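Enquirer: Could you slot chain B onto chain A? The hints should help.
There are 2 protein chains.
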Amino acid sequence: MNPVKTGFELHRIRNLPLLSCSEERGPAGGGMRPDFGHVLHSVWSYLLGSANVSQIRVGFSETNVEKTLSFVNIAFDEFFNYPQPLLLCTMKHLVSFAPGPSQLYFTVPDHLRQALREGIPSMSHRSAAFEKIFAGASENLRELLNLPDNFSIFFCSSATEIWERIIQNLTAEHSVHLSTGAFGKRFYETALQLKRHAVLYEKAYGDGFTQAPDVPPTELIAITHNETSTGVTTPHEIIKALRLQHPQSIIAVDAVSSLPYPQFDFTTIDTLFFSVQKGFGLPAGLGVWIVNERCIEKEEQLRSTGQSTGTYHSLTSLLQHARKHQTPETPNVLGIYLLEKVTADMLRRGITAIRKETEYKAAVLYHALEQHQSIRPFVKTPALRSPTVIVAETSNLTDKLYTKLSEKGLLPGEGYGPLKASTLRFANFPAHSKEQFEKLADLISNG
Amino acid sequence: MNPVKTGFELHRIRNLPLLSCSEERGPAGGGMRPDFGHVLHSVWSYLLGSANVSQIRVGFSETNVEKTLSFVNIAFDEFFNYPQPLLLCTMKHLVSFAPGPSQLYFTVPDHLRQALREGIPSMSHRSAAFEKIFAGASENLRELLNLPDNFSIFFCSSATEIWERIIQNLTAEHSVHLSTGAFGKRFYETALQLKRHAVLYEKAYGDGFTQAPDVPPTELIAITHNETSTGVTTPHEIIKALRLQHPQSIIAVDAVSSLPYPQFDFTTIDTLFFSVQKGFGLPAGLGVWIVNERCIEKEEQLRSTGQSTGTYHSLTSLLQHARKHQTPETPNVLGIYLLEKVTADMLRRGITAIRKETEYKAAVLYHALEQHQSIRPFVKTPALRSPTVIVAETSNLTDKLYTKLSEKGLLPGEGYGPLKASTLRFANFPAHSKEQFEKLADLISNG
Chain A
1 MNPVKTGFEL
11 HRIRNLPLLS
21 CSEERGPAGG
31 GMRPDFGHVL
41 HSVWSYLLGS
51 ANVSQIRVGF
61 SETNVEKTLS
71 FVNIAFDEFF
81 NYPQPLLLCT
91 MKHLVSFAPG
101 PSQLYFTVPD
111 HLRQALREGI
121 PSMSHRSAAF
131 EKIFAGASEN
141 LRELLNLPDN
151 FSIFFCSSAT
161 EIWERIIQNL
171 TAEHSVHLST
181 GAFGKRFYET
191 ALQLKRHAVL
201 YEKAYGDGFT
211 QAPDVPPTEL
221 IAITHNETST
231 GVTTPHEIIK
241 ALRLQHPQSI
251 IAVDAVSSLP
261 YPQFDFTTID
271 TLFFSVQKGF
281 GLPAGLGVWI
291 VNERCIEKEE
301 QLRSTGQSTG
311 TYHSLTSLLQ
321 HARKHQTPET
331 PNVLGIYLLE
341 KVTADMLRRG
351 ITAIRKETEY
361 KAAVLYHALE
371 QHQSIRPFVK
381 TPALRSPTVI
391 VAETSNLTDK
401 LYTKLSEKGL
411 LPGEGYGPLK
421 ASTLRFANFP
431 AHSKEQFEKL
441 ADLISNG
Chain B
1 MNPVKTGFEL
11 HRIRNLPLLS
21 CSEERGPAGG
31 GMRPDFGHVL
41 HSVWSYLLGS
51 ANVSQIRVGF
61 SETNVEKTLS
71 FVNIAFDEFF
81 NYPQPLLLCT
91 MKHLVSFAPG
101 PSQLYFTVPD
111 HLRQALREGI
121 PSMSHRSAAF
131 EKIFAGASEN
141 LRELLNLPDN
151 FSIFFCSSAT
161 EIWERIIQNL
171 TAEHSVHLST
181 GAFGKRFYET
191 ALQLKRHAVL
201 YEKAYGDGFT
211 QAPDVPPTEL
221 IAITHNETST
231 GVTTPHEIIK
241 ALRLQHPQSI
251 IAVDAVSSLP
261 YPQFDFTTID
271 TLFFSVQKGF
281 GLPAGLGVWI
291 VNERCIEKEE
301 QLRSTGQSTG
311 TYHSLTSLLQ
321 HARKHQTPET
331 PNVLGIYLLE
341 KVTADMLRRG
351 ITAIRKETEY
361 KAAVLYHALE
371 QHQSIRPFVK
381 TPALRSPTVI
391 VAETSNLTDK
401 LYTKLSEKGL
411 LPGEGYGPLK
421 ASTLRFANFP
431 AHSKEQFEKL
441 ADLISNG
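Just so you know, the sequences run in chain order A and B.
Quick note: the first sequence, position 177, residue 177 per this note's numbering, numbers continuous.
Quick note: the second sequence, position 48, residue 48 per this note's numbering, numbers continuous.
The hints are simulated quantities; they were obtained by calculation from the structure and are not laboratory data.
Note that the coordinates shown come from a computational prediction; the quantities given were computed from them, not determined experimentally.
You may find that some hints are simply not true.
[Stated by the list, open to error] Derived DEER-like restraints, expressed as beta-carbon distance ranges: (1) A:R294 / B:D399: 43 to 49 Å; (2) A:R355 / B:E118: 31 to 37 Å; (3) B:E438 / A:K434: 53 to 59 Å; (4) B:G306 / A:T305: 18 to 24 Å; (5) A:S304 / B:H174: 24 to 30 Å; (6) B:R294 / A:L244: 49 to 55 Å; (7) B:K400 / A:K434: 57 to 63 Å; (8) A:K324 / B:R294: 38 to 44 Å; (9) B:E143 / A:S304: 47 to 53 Å; (10) A:K434 / B:S406: 47 to 53 Å; (11) B:H236 / A:R294: 48 to 54 Å; (12) A:L319 / B:K434: 42 to 48 Å; (13) B:S304 / A:Q373: 52 to 58 Å; (14) B:H174 / A:T381: 52 to 58 Å.
[Said to hold, decoys possible] Stretch-level coverage of chain B by chain A, calculated; a stretch enters the list once three of its residues show a Cβ under 8 Å from a Cβ in chain A: (15) 100–110; (16) 332–339.
Idealized CB from N, CA, C, for every residue including glycine.
Isolated chain A (complex conformation) (with noise of 0.2 Å):
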């Protein structure tokens, strides 16, 4: 015999949702019904997919909280045979500063329950509804980033595919690379593995250019403007000079860990990509190519003396598809939609909002680094210093504020390859509150 009816109430407690339920009628120390745990399951679906709760405490009314289980550990059964009013309150989620995949921009949740009932993910690539995501995600962008008309905005599966579509379509002899760390130099070597003659200026990890290097005329010239690996920034001077020294060069931006902070000068730039599992607080999955018409001229150029610029991600076949607002293969429809969705976001924050936000949390960060006794900054040259991206050198201490922070939810990113054992890195992102870089300092400061 089952009770007739369930009853649900909700509170907040410590400004956290709090849903209690109970029998309301029905035998005295009976089972719930069984559509109890349908709802109980749903409320806690939505709590748990909120962008602040990972945990959810159940207990019992007369003596308040006895238990704190995650959700997936959760025994229905013990508690729906209880007789007496259940509690529940929720806990806070872990953030991650790793620097990519990052933190979830906090709307994405619900953008991505939304995207399940819209049926987006069964929804054509060819039809007008896709074409108005992917025209509303290349308007959103180029608002963001200030993105003159001359360029162009398409759609690619990663960062890394975009440094082969780059050498492959604007190359055909001669690439020049600036870098500051790991992916500056895989860019490098991603040139040479499509028979290029390709030259590496390079400086040691934590160090970067303080002005531009003297290179030789070539047809393209690759700049990290933000190297993950490292923390190091290329300064907006050093492209800006790159230019002024090789005109004819096209100068290509890896802007991977930096968007959407930087305002670029675009009239400096010829080409810049990204990935959205950083700055963008996304699902990992989509990168993002950015060109100007010179890019496009040089591409029809290298077409028109017989080499291969690719198949479906060749820059025409980009190009005309774009135009229609498609993408020449089934793309990441979801990655797409997302990104349309949290630029929109975004833009409702404002991007002068979010630039002051970014320079806030670094400069609170830098500063207990720069304060602390034993722990610093990896990057000694403050003009140098990543704001999105910043690189701790804990020496001996790694392991220890790697535990101490995660014990508190915030679980720092890891240092990069050899780096591995002596930095640790954080990323500020727009994903990443105020309030949390001011906990990260202060557990630094005091720890």
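Expert: Chain B only, in chain A's frame:
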């Protein structure tokens, strides 16, 4: 003055969950308390996110259901200020029979929600947790496809990408292509774009290969197992005959819209590929490339002669990373996670059951098409009819049938390119139920 308490009751009407809510105390006609919306939203989110629900009806208990609104259009305020108990009941989702992106496998929404709870989108693609997901997806696929140990499994971004990678990695000069429609021809064109001497054996739309053509010696023979544009299958015997004709050539099979249904004879195939938004019922943005040791050796040999076989997605790079259960680039982590989950679900259901159901559903629909007085199967030769993409020659009834089926919640796929006006396509994937196919056949027969 807000009411102190909000009550909920859950019922089922005709097997659909129905939630009623009421203020139990508080001023008559007063507004609902703010938290009410929070909980109600959570229940709606859950119901709407589940596989069978896309709309919620909102109404009032004394008049039963009064309004039908899609979730996004519901004005909370409008209903929250209404003093009477509120009723919600749910409506069924539309089912997509488009051949891809197609209907999501019914477990995908739950897996997506679980992914958010587990923080999958923020997971590092260099972590042990990711390696476990990669390994799980590979092992599940191996079991589902009954794939021998001499084959390796790699993750790319689309089948379109894999056309390019196959030509880049497995040919220096020559390829031969058997085409029964638009996608077979695009594979051939991919080879031309990469400057290979490609030879095309092409059939008219709706026709296919009943015996193997006599092809010249070549490095690679490309065969579309299931042509998504026309619904023509290439029988396994054709693949086998070509293998016997040219045992030295690499045999590449495009199984994009047929897997997981077919059991291939892997002694006759060297490389096989598919994308996940078709038979696997997943969101688009992931391609799976399967190769044997002959492919690995061929790529090594081409590299040793100085040929570029690409960069991050060369077979060397893919293999080197796959040995560690990793990808060269930051991949579509969520896509690989969902693939692992859905392949596990399919293994639990059993590939034999999936095959039998596929054959039953195909028989039901082809029978209805054959019996119809004005509609017929587009593919005339029964042995060439795809079990997984069923194309109906609807002639001047195309629009009428499309409208009729859509109104019943069954969305056909439009005909491809030049066949758009005269055909409709029906994907027969594991996400589509026997009941849906029976209903489809009934509606076609009685129309």
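Enquirer: Evaluate the given range 49 to 55 Å for the C-beta pair formed by B:R294 and A:L244.
Expert: holds, 53 Å
Enquirer: With 47 to 53 Å as the target window, see if B:E143 and A:S304 comply at their CB atoms.
Expert: holds, 50 Å
Enquirer: Could you say whether the range 43 to 49 Å given as a hint is met by the Cβ separation of A:R294 and B:D399?
Expert: holds, 46 Å
Enquirer: Indicate whether the distance between the beta carbons of B:K400 and A:K434 respects the range 57 to 63 Å.
Expert: holds, 59 Å
Enquirer: With 48 to 54 Å as the target window, see if B:H236 and A:R294 comply at their CB atoms.
Expert: holds, 51 Å
Enquirer: Verify the CB-CB distance for A:K324 and B:R294 against the hinted window 38 to 44 Å.
Expert: holds, 40 Å
Enquirer: Lying within 52 to 58 Å: is that true of the beta-carbon distance B:H174 to A:T381?
Expert: holds, 55 Å
Enquirer: Are at least 3 residues of the region 100–110 of chain B within less than 8 Å of chain A when you compare beta carbons?
Expert: Our answer is that it holds, as 7 residues pass the Cβ test (under 8 Å) against chain A, meeting three.
Enquirer: Evaluate the given range 53 to 59 Å for the C-beta pair formed by B:E438 and A:K434.
Expert: holds, 58 Å
Enquirer: Could you check the hint for me, namely that A:K434 and B:S406 are 47 to 53 Å apart, CB to CB?
Expert: The hint (47 to 53 Å, Cβ to Cβ) holds, given that A:K434 and B:S406 are roughly 49 Å apart.
Enquirer: Can you confirm whether chain A covers the region 332–339 of chain B, using C-beta to C-beta distances below 8 Å and requiring at least three such residues?
Expert: holds (count 4)
Enquirer: Could you say whether the range 24 to 30 Å given as a hint is met by the Cβ separation of A:S304 and B:H174?
Expert: The hinted range 24 to 30 Å holds for A:S304 and B:H174, with Cβ atoms some 25 Å apart.
The structure is consistent with each of the numbered hints, conforming to all of them.
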